[in-house]
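J.: Residue numbering for the sequence shown follows my numbering, beginning at 1 and increasing consecutively.
By construction, these hints were calculated from the structure, which means they are not laboratory data. We treat Cβ as the ideally placed atom computed from N, Cα and C, and that holds for glycine. Don't take each hint at face value.
Claimed, not checked - Computed Cβ-Cβ distance ranges for the label pairs, DEER-style:
no. : residue 1 : residue 2 : range
1   : Leu20     : Pro69     : 29 to 35 angstroms
2   : Ala104    : Arg2      : 25 to 31 angstroms
3   : Gly68     : Val23     : 34 to 40 angstroms
4   : Leu18     : Ala111    : 19 to 25 angstroms
5   : Ala28     : Gly98     : 18 to 24 angstroms
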Amino acid sequence: MRLLLALAAAAGVVVAGLVLDAVLVLLAGARVTQWPSSVATVALVHVPWAVTLGLAVVVASAVHRGTGPAHALAVFGVPAVVAVVSVLAGAGSDALAGGLVAAAEAVAAAALGALAARRRRPSDTGYFPAR
Numbered sequence: 001m002r003l004l005l006a007l008a009a010a011a012g013v014v015v016a017g018l019v020l021d022a023v024l025v026l027l028a029g030a031r032v033t034q035w036p037s038s039v040a041t042v043a044l045v046h047v048p049w050a051v052t053l054g055l056a057v058v059v060a061s062a063v064h065r066g067t068g069p070a071h072a073l074a075v076f077g078v079p080a081v082v083a084v085v086s087v088l089a090g091a092g093s094d095a096l097a098g099g100l101v102a103a104a105e106a107v108a109a110a111a112l113g114a115l116a117a118r119r120r121r122p123s124d125t126g127y128f129p130a131r
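Using the sequences and the hints, build the whole thing.
T.: Following this line, the structure appears as structure tokens:
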């Protein structure tokens, strides 16, 4: 049950992140027309998306609070699905390179999120490893 709750929480974070990212693009998109397109894309799409996926991993880890394969599935399940969908969408739209970049971004964000979640959890010896 905790596995399903963790996956649902991570998916909820991803959906909320997509909505917030769309609002950010709509509100700030007109103001960044003077920026180079690559900078605007990174600032308005890639950074918020990476933060969203990292936060999804942290939330899933906090909800599941387990160990082993089930915990790995709970924590990395949603980012893995995002990575696969990114590659498939890129391949389907003749933009495979973009899909591979998005998949690499999802994997990196998930790894950083897992590191942050690990730093938040007390160790077996009773102290926080981040301190």
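J.: Now tell me if each hint is right for this structure.
T.: Hints, verified against the model:
no.: 1; hint: Leu20 <-> Pro69: 29 to 35 angstroms; verdict: holds (32 angstroms)
no.: 2; hint: Ala104 <-> Arg2: 25 to 31 angstroms; verdict: holds (29 angstroms)
no.: 3; hint: Gly68 <-> Val23: 34 to 40 angstroms; verdict: holds (38 angstroms)
no.: 4; hint: Leu18 <-> Ala111: 19 to 25 angstroms; verdict: holds (21 angstroms)
no.: 5; hint: Ala28 <-> Gly98: 18 to 24 angstroms; verdict: holds (22 angstroms)
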